[in-house]
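Let chain Y serve as the given structure and place chains R and U on it in line with the hints.
One letter stands for each residue in the lines below.
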Amino acid sequence: MPVVNARAIRSFLAGLIVRFAGFAVIFSLFGMFAQMVTVAYPILAPSTLTPLGADLKTSAYGGKLEEDPIDSTRNVSLSVAGDWSLEGVVGESWFWVNSLTGFRVENTDLPKVWSAATAVGSNRGVAIAASDGVISHHHFLASTREGDAPWSKLVEKIEWELPVIKAAGHPRLAVLALLSEPSNLTIIDFRNPQVQLTYALSDKPSGLFWESPSLLRIIIGERSELFEFATTDIGGAWSRLIKPVHYEGYTAPTFLWLPLPSSEAAEPKYSIAPLLFGTLKAAFLALLVGAPLSLGAAIYVGFFMSPVQRGRIRPVIDMLTAFPTVVLGAIGLFWIAPVFETVLTGLIGIAILFPFFIILGVFAMRSAGLRLVRLDALDDWPLKLLPVVATAIFLSAWAGIAASGFLPGGSLVEYLEGQGITLAYFNSLLVGLVLGVAITPTIFSVAEEAIHSVPKNLASGALALGSTPWQSYRDIVLPLALPGMIAAIMIGFGRAAGETMILLMLSGNTSIIDVTVFEGLRSVSASLALELPEAPRDSSHYYVLFVMGLLLFGITFVVNTLAEIIKDSVKAKTQGV
Amino acid sequence: MSEANKKFLSSTHRQLTGSRLERLRSLAMIGLSASMVTTIILISSGLFLLLVTSALSWLIGGSGPEGANWSTKLYSLVFTGSDLGNGISAVFPAIFGTLALVILMTVFVAPLGVATALYLTEYARPTWYTKLIRISITNLAGVPAIIYGVFGLGFFVYGLGGQVDQLFFSDQLPNPTFGTPGLLWAALTMALLNLPIVIVAVTEGLDALPSDLREASVALGATQGETVFKAVLPAAMPSVFTGLILATARTAGEVAPLLLVGAVKFAPSLPFSERLPFIELEQKFMHVGFQLFDAVLFNRVDPGDLGWIASVALVLVLLISSLNLIAIAVRALVLGRQEVANPF
Amino acid sequence: MLVRRFPWSLNQMKLFRRCLIFLAVNLCLNTASADSERNPNNTLIIVGSDTLSGLMTLWTQRFYSKNPEISVEIQAVGSAAAPPALQQGTANVGTMSRPMNSDEVAAFIAETGRKPTEIVIAEDAVVFIVHPSNPIEYVTKNMIARTFGMPGTCGTIGRILTWRDLSASHPFGRQRIQVVGRTATSGTYQFFRSRALCGGDPGVFINEIPGGAGVANTVARLPSALAYSAMTHANGDIKVLSVMDEKNKLVYPSDSSYPFKRRLYMYLPTSLEVAKGSAECAFLTFIASDEGLEILLKSGFNLPDEGSSLTLIGAANACR
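Protein chains in written order, with this note's numbering: chain Y, 1 to 577; chain R, 1001 to 1344; chain U, 2001 to 2320.
Chain Y on its own, in the form it takes in the complex (with noise of 0.2 Å):
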């Protein structure tokens, strides 16, 4: 029978505390999940349209439509940018008319034959409901030469078979509302025009107008309906993250981040493609740099050297954690990036000549009759090494700095310009190897430990055998070891994904999708920390946002669930030698 006293529900109920502190740590790596999902979710609903009843002060209204000289299914004069307006009488052209000099210009690429036009967007576009069934969505361009007359380009089209009364346009979006025979109210939003909110009215409607961005009034007889039309910044068309999109003032789709319009009437831009990109770029940079570094450092120390000394190695190493990355951030602006030029050849002289200076270092370091390094005293290697190392970088920086010299141009910047290319002062480059070196203790530590962890006796036999110790290591523990190896490779990834001081720091924040590595670039994780805190909750800005934080943690998450399963096959693998 089981003991039931004080002391056993003590410890049952530290048991009880115990098991609920592991269950908490999933709850909160699944939570943090859950609640950014949830905070995210909104950006994905769709516009709607919620009537809010009748309103019988008609008279009014009804009396001001009536002076309305706007008659969209007549004749329209929308205003355009600059001097230049735009008019329209149905079955004939549309003109394009300057104010100040009266000038006309005819606009062949509207249609002639229409039963509304009206003006969307805050008078950047228009949208014509033409008598041949298709509702076609016009942004306004400004003219490429001097003194010229705006053109229209064609955005959309609409299939739309029933006749249409009237039209009106939003104020501020590229959004119509349309009152269509018999008595049919439908909302059509450019920015998603397969999806179309229909409402049937109870009689004929007479006219409409959108009292305010999210109003609308439409009159029947001596009635009035009022609207609410509620829709989020991209109107439930996630695409418009994602693809290219063809934004009001441009002339063709492209990708744009400008979530803060300068004034109320611009459209936002919420393309998060550019920020991606960059953030994956910038980690890919950051690999190329520091994996070498990392991954070399893991190799020596993880099996070449002796318990002892890599007890006592591995701090030292490890010391380079005491830099934060903000610190790392703030020496990368002021005291590399003026000198970035320099830097740079140097750094293409190290990356060639480095690995030729240390073999001739340590062949005569051996051949000097010194013995300083020998095979079989691999311990202290990396002290006896440092005047070898030291020169080498030394001497192989000089030669390319020298070497830059003697380039077409007679410096590394001014050849790049004759080929055409400009080296941005906030370049990936900058940015690769600053945060390289922030995540060469990550990807260390996670290697060595792979690279320990295979079994020595194996190794030791190759070397009973006649091996050398490098050959043992190439093709016994190496294969063992890769898997590991490159778990770490994609740690260090997910960690410069997720890195965030340096990139704000020296990425120059160009939201832009450059293969190149001249020009700078714009991460995610920036974007969050320049514009979370200002971002209202609850809009559309706050939403993308999670969107974006979601995406980063989602690469995160399977960059590093790969990792986890790919060291715990080695471990499989390993077990039981």
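It is possible that part of the hints are untrue.
Just the calculated beta-carbon pair ranges, DEER-fashion [as the list claims (entries may be wrong)]:
| # | chain 1 | residue 1 | chain 2 | residue 2 | range |
| --- | --- | --- | --- | --- | --- |
| 1 | U | 2015 | Y | 306 | 39 to 47 Å |
| 2 | Y | 460 | R | 1210 | 26 to 34 Å |
| 3 | U | 2169 | Y | 215 | 27 to 35 Å |
| 4 | U | 2249 | Y | 148 | 27 to 35 Å |
Calculated directly from the structure, the hints in this document are not laboratory data. Note that the Cβ used here is the ideal one computed from N, Cα and C, for glycine as well.
Showing chains R and U alone in chain Y's frame:
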């Protein structure tokens, strides 16, 4: 010997020659990898020297307000700040704010981290559930710090904070008391961020304990709870400290999440009060890492003035490295004990 | 044998545990009780513009040393932060380098039922800065639109990419202009966009630096840089350009006809009558005093025109 190992040895047998070329290649490759170790050490020493020389040249050199010598400058940097011009604020309130944050964070992370580590080593059998916990810990370690800030803002500040305001401070609404970034939410966010570090450190210490400790305790009639909390945990206390010290070092350096959950540019009133519990939980605070971030991006620094930026950076680096060194010493104590433990 | 070596005895563990419980209980008690210490009369939370942050820091440092019972906090990440903070009550003073737009005012009224009090506290200008070694002396509005904006901004044609495009005899020749600006949350950015870019979009290659001082820091180190900045940050090793107007006359930032002059604003969430006796009024009284105005002038700002809007001195008077 397992099949895999037999295969390895037989396949490499052909290649095992001690020819001169191989020995030279061996020298070369080992030399290269050893030189990577040296390079890393050179990089960290180089960065440190850069900061030290820059800071010293500013302290001892000529720039700065009239009649300022190195001790005046040092005093201004740490305590007063404004005498240096440019609206620069001092480092001391930032250190104090960081201290408050760290203390509060420890209160949250220590119990949860220690309990999880105890669960994994003492209570649980290796099933899919513990594997899931381990994967969660690794993933929590890999989540970018800014995402912790994003989560902290959404869940702690607006979610929990909003609820707390509605339940306890509704008379102050719409002025939020807790529904806004502050010390409490920042501490919770950093606690979550540092949880994996504490768990890993404590697990390391628990694994290093000899099994006869537990066996002796059970042999003497203790229940499992008593064994764990009265025998094992006190023995593993140094590793708990290691974990907390490493967590502190990370908290001092990690700025990104604090941008979102509570650190500010200037909050000279220290977050301590005379009333219990002596810490103002809803206040915003200053932080050494944030101080450097603010100094770098939001202060005019002409090319000749880099010294004081280097000084602030150096304060941060010295703080973190001394914490790391203490952790290393404590960890050596923990692992060094192993040799004395079992005389048999 | 083992237990002796460890730093914690069983009694010490018990004591430690009891202390933790004590602290935890107090935490809960303090949380649950109404916190009377944090009342609006002795807290000053200033949120908003980075352009004004240096001035605010100097002011609050002096103010705090005179009134240590008022706890002060400053957050200066950008003008866009001020309206939401004022509206949600997370700040009681909002600073902006541009006026609140109608959206923000509408949201504020919707949330609180009243209009925010707008006070003009200073005037400054947005200037164009280059490295001291750059021989260029002026820019025109057309050049600015074509360099900083997307093609077609303000009705201009073509883009300016290199220094030679800007001025045919420029010694930097075909070197690309490194264009530097602020991030989108900055009031200076919004002002520049609406005034200099006619509300249009900035070009994609503009480097966005979070702080105004950061922009000036970059320009001080980069010979081929061209940036816009608040006048207060354009000090030290920086060259400030003048603007050439349509009549081909050079206009300097200190002239009254400089096209990018702007006013700097402070917003209070309540009216001044309601704010009497609170920390905001104490602060206003201080900054309108001789000492406060001296700090304002020393920071590179100008006193606001006593025009039709409420200015610093007027607000301080209303507070009395």
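Hints and how they fare:
1. Between residue 2015 of chain U and residue 306 of chain Y the beta carbon distance is about 43 Å. The supplied range of 39 to 47 Å therefore holds.
2. Taking the beta carbon of each, residue 460 of chain Y and residue 1210 of chain R are about 28 Å apart, inside 26 to 34 Å as hinted.
3. Distance hint check: the CB atoms of residue 2169 of chain U and residue 215 of chain Y are about 58 Å apart, inconsistent with the given range 27 to 35 Å.
4. About 29 Å separates the C-beta atoms of residue 2249 of chain U and residue 148 of chain Y, a value consistent with the hinted range of 27 to 35 Å.
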